[in-house]
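Given chain F, put chain U with the ligands in place with the hints provided.
2 protein chains.
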Amino acid sequence: SAKMKIHKKRWNIRASEMSKNTLNPIRAIVDGMKLSPNPDKAMIALSIGDPTVFGNLPTDEKVLQAMKDAMDSHKYNGYAPSVGYQKSREAVANFYCSPEAPLEADDVILTSGCSQAIELAISVLCNPGNNILVPCPGFSLYKTLAVSLGIEIKHYNLLPEKSWEIDLQNLESLIDEKTACLVVNNPSNPCGSVYSKEHLQDILAVASRHCIPILADEIYGDMVFPEHTFYSMAPLTNDVPILSCGGLAKRWLVPGWRMGWILIHDRNQAFGQEIREGLVKLSQRILGACTIVQGALEAILNSTPQEFYQDTIGFLKSNSEICFSALSSIPGLNPVRPSGAMYLMVGIEMENFPEFENDVDFTEHLVTEQSVFCLPATAFEYPNYFRIVVTVPEDMMVEACSRIREFCQLHYRPCNQESNDLDQ
Amino acid sequence: SAKMKIHKKRWNIRASEMSKNTLNPIRAIVDGMKLSPNPDKAMIALSIGDPTVFGNLPTDEKVLQAMKDAMDSHKYNGYAPSVGYQKSREAVANFYCSPEAPLEADDVILTSGCSQAIELAISVLCNPGNNILVPCPGFSLYKTLAVSLGIEIKHYNLLPEKSWEIDLQNLESLIDEKTACLVVNNPSNPCGSVYSKEHLQDILAVASRHCIPILADEIYGDMVFPEHTFYSMAPLTNDVPILSCGGLAKRWLVPGWRMGWILIHDRNQAFGQEIREGLVKLSQRILGACTIVQGALEAILNSTPQEFYQDTIGFLKSNSEICFSALSSIPGLNPVRPSGAMYLMVGIEMENFPEFENDVDFTEHLVTEQSVFCLPATAFEYPNYFRIVVTVPEDMMVEACSRIREFCQLHYRPCNQESNDLDQ
Ligand SMILES: Cc1ncc(COP(=O)(O)O)c(C=O)c1O
Ligand SMILES: Cc1ncc(COP(=O)(O)O)c(C=O)c1O
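Residue numbers (this note's numbering), protein chains in the order written: chain F, 102 to 525; chain U, 102 to 525.
Quick caveat, the hints were computed from the structure, so don't treat them as lab data.
From a predicted model like this one, the values you see are computed outputs, not experimental measurements.
Heads up, some of the hints might be wrong.
Unchecked claim - Examples of chain U residues toward chain F, derived with CB under 8 Å:
#1 Met172
#2 Asn178
#3 Ala181
#4 Pro182
#5 Pro203
#6 Ser224
#7 Glu375
Said to hold, decoys possible - The calculated label-pair distances, taken between Cβ atoms and stated as ranges, are:
#8 Asn113/F - Asn271/U: 23 to 29 Å
#9 Lys135/U - Gly373/F: 46 to 52 Å
#10 Asp340/F - Ser503/U: 46 to 52 Å
#11 Ser199/F - Asn271/U: 57 to 63 Å
#12 Pro200/U - Ile423/F: 52 to 58 Å
#13 Pro126/F - Glu299/U: 36 to 42 Å
The beta carbon of each residue, even a glycine, is placed where N, CA and C say it ideally should be.
Extracted from the complex, chain F is given alone in its bound form (with noise of 0.2 Å):
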């Protein structure tokens, strides 16, 4: 009976191609870096995208009050439909409903996160084969997304001497019959970026002109600098079907909530039913937001004061100025003046850097040298540039800037060219 023994296979469980193909560029570039901080000097990392960290920038009372208020309610503990709770949907449509844009509870699916939001988009909206318009630089989710997802991405450039508007020549060239959807970002991450009217006018035309859908990313919507003007982009269109994905991670302070929306915005009917069936069905595979901040949704969105999001504008304006005009200064580095968001973009002249080789090497040694980290943009696909967010404490963001003109200038070296310019 011992020969009669069921021969035994052999383990051999190997991760799915999904989980292989779901890539982190950011991740992986910071895994990569050797990043060990001068011991002489405190640690400021001008790198996460989390306002939250440095508990300068708390959320409001009332937004904190309407959790408390959803808890003791106990109404809010059982499943929500997987799209949401009608009432929370309703608060969400009227407060983006606009005359041009109207917007029903049955046109908002709430998720969990923005992150949801977008995978949902992206989801209902490409097949394996098809590909997607991202813009470069971009954060780097669309493309985590649509690749493990079997979905090609094309990357649009934007242009930082015109305040990173898109190139819309180059956006147009890339459209082909495979082409799914156009993601838009605005405000922008990582570029601090708000786009004026006439330019999404623009954007609108080429799509309306090859029909492509747009998934507009609009989580920093409204988080633009006084002297600017916000414009989501489903009110400047009339045919373009658009996805605008939101949430209340930035505007509100809260992204461990993992509270997000998409609102479908059809009004020539280009979606149809099909989308909006899709993105129903999708939302039944995990159900979306916790119910208590779903339960508190409809008052964090009416009770928060005007003041709450002035304050963080203010205060973002604030440490943006102060950082952009600190580093227009220094030799070698070229930062581009943002107009919202959280984020400034700032370019390197490599060539006067020699000791360098790109933007990941150069970041290294910032730390290195002077214990400030920022992201290098190799992370968002566009070497040669870093990006700092502008959430940190003014002292800090103060001192990181001269730490930061302190590490140029050891390491500045003038190009040749350049003095022979000067000697003509």
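Showing chain U with the ligands alone in chain F's frame:
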């Protein structure tokens, strides 16, 4: 110049294959039913797998307090790591740790509900073209997720006459070289069954022989009636790697909070680093659970009093006994006695109810005449049964059973075959 007008394409946006392939059999069946209750009788829904809807099963005060403390600490508003806070993972590890199957924080991945735990587990183990083995009758999400990802499902049979134990021969016969995972749901939705240690060992022996990893859906873990014992699978094997999926939804009665987890059990190193890294990567797609709930998790696990668990189980047992004994004495019905969870399956001797075509038809008429709604088990791929949820208040359960009796008495027809037998 009018002639040079650029040819405008037509809008032709279709929902993706994935969204079309995300099928929810419960929704499909329920939406297809004509549910018009008898206006003279108040509706009693025995169909809803949400223990909170009737208000008779509130969560514990300590659980709510833990949430408020997490809120008040102001520490849990920012982003958590994508796999969850280290401290919260540690709390789960400690709670489920056993000498036979030790767990550390790194073995725990926090997710948005047990649903996302299942999604990540399937996504990391399977490629399109693989198959997974799922119970029949069984919770429909396994199939929903798998099919949408291009993974085939194979149903293995549960045996009602053996308290829904797995037909092991049938199970083993389904395994082929494409089988990537065996899903075991214990205690079971929809059966309310609880497997013995011996049966679990037999299942593990099959998995071990064929080197198939197990997805153990243990969301109803520990929810077993006093005379039964819940055995988690992991401590019962030394070689079979297990992803155990669970969460707060059922035992703590807060399904809306979307707090779930995966426990990685891999003492034999069959998953190795690859599966762990795959899970981490997948967790970065949309991030996981709400940080407030994560922040409360340690206190929830450690402070919820034993009486709370006992009271819940006591109620579920008492209600299921009431239901089981009432339905046992109804000619034409064959309830299967449950040992845990919140469900009870009832067989319908369809030949004795010739007016009705099947379980869907039967339960539809039960609504029309008696305003009692039970989910037809066709929703679990198991025709001619229906599922009862035993979380309703006792008086409703009693009333529902007496209405079911009335309905059955009205429609029951003895079979010719049986009367012949009696004549002999
Ligand atoms: C442009 C952009 N979109 C979406 C997100 C994701 O938002 P959430 O945290 O709500 O998932 C972020 C987060 O940093 C972002 O910068
Ligand atoms: C067997 C089983 N697994 C998983 C789940 C999903 O749990 P959650 O609500 O935490 O996603 C359920 C919910 O009903 C279930 O019955």
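- Query: Has the hinted range 52 to 58 Å been met by the Cβ atoms of Pro200/U and Ile423/F?
  - Reply: holds (57 Å)
- Query: Do the numbers back the hint for Ala181/U, that is, is its least Cβ distance to chain F under 8 Å?
  - Reply: holds (6 Å)
Requested in this report: Identify whether the interface hint at Pro182/U stands, where standing means a beta carbon of chain F within less than 8 Å of its own.
Outcome: violated (11 Å)
Quiz item: Is 23 to 29 Å a correct range for the gap between the Cβ atoms of Asn113/F and Asn271/U?
Solution: For Asn113/F and Asn271/U the Cβ distance comes to about 25 Å; the hint holds.
With chain F as the partner, please determine if Ser224/U meets the hint condition of a C-beta pair closer than 8 Å. Since chain F brings a Cβ to about 6 Å from Ser224/U, closer than 8 Å, the hint holds.
Does the hinted range 57 to 63 Å hold for Ser199/F and Asn271/U at CB?
holds (59 Å)
If you check the beta carbons of Asp340/F and Ser503/U, does the distance land in 46 to 52 Å?
violated (59 Å)
Item checked: Proposed interface contact between Asn178/U and chain F, which counts if any beta carbon pair is under 8 Å -> holds (5 Å)
Worksheet entry | Residue hint Pro203/U, partner chain F, criterion CB-CB below 8 Å | Given a least distance of 20 Å, the restraint on Pro203/U is violated.
Given a hint of 36 to 42 Å, does the C-beta separation of Pro126/F and Glu299/U actually sit inside it? violated (50 Å)
Hint check for Gly373/F and Lys135/U - Cβ pair distance inside 46 to 52 Å = Given about 27 Å between the Cβ atoms, the range is violated.
Next item in the hint list is Met172/U. Is there a CB on chain F closer than 8 Å to its CB?
holds (6 Å)
Violated hints, listed in ascending order, are 4, 5, 9, 10, 13; each of the other numbered hints is respected by the structure.
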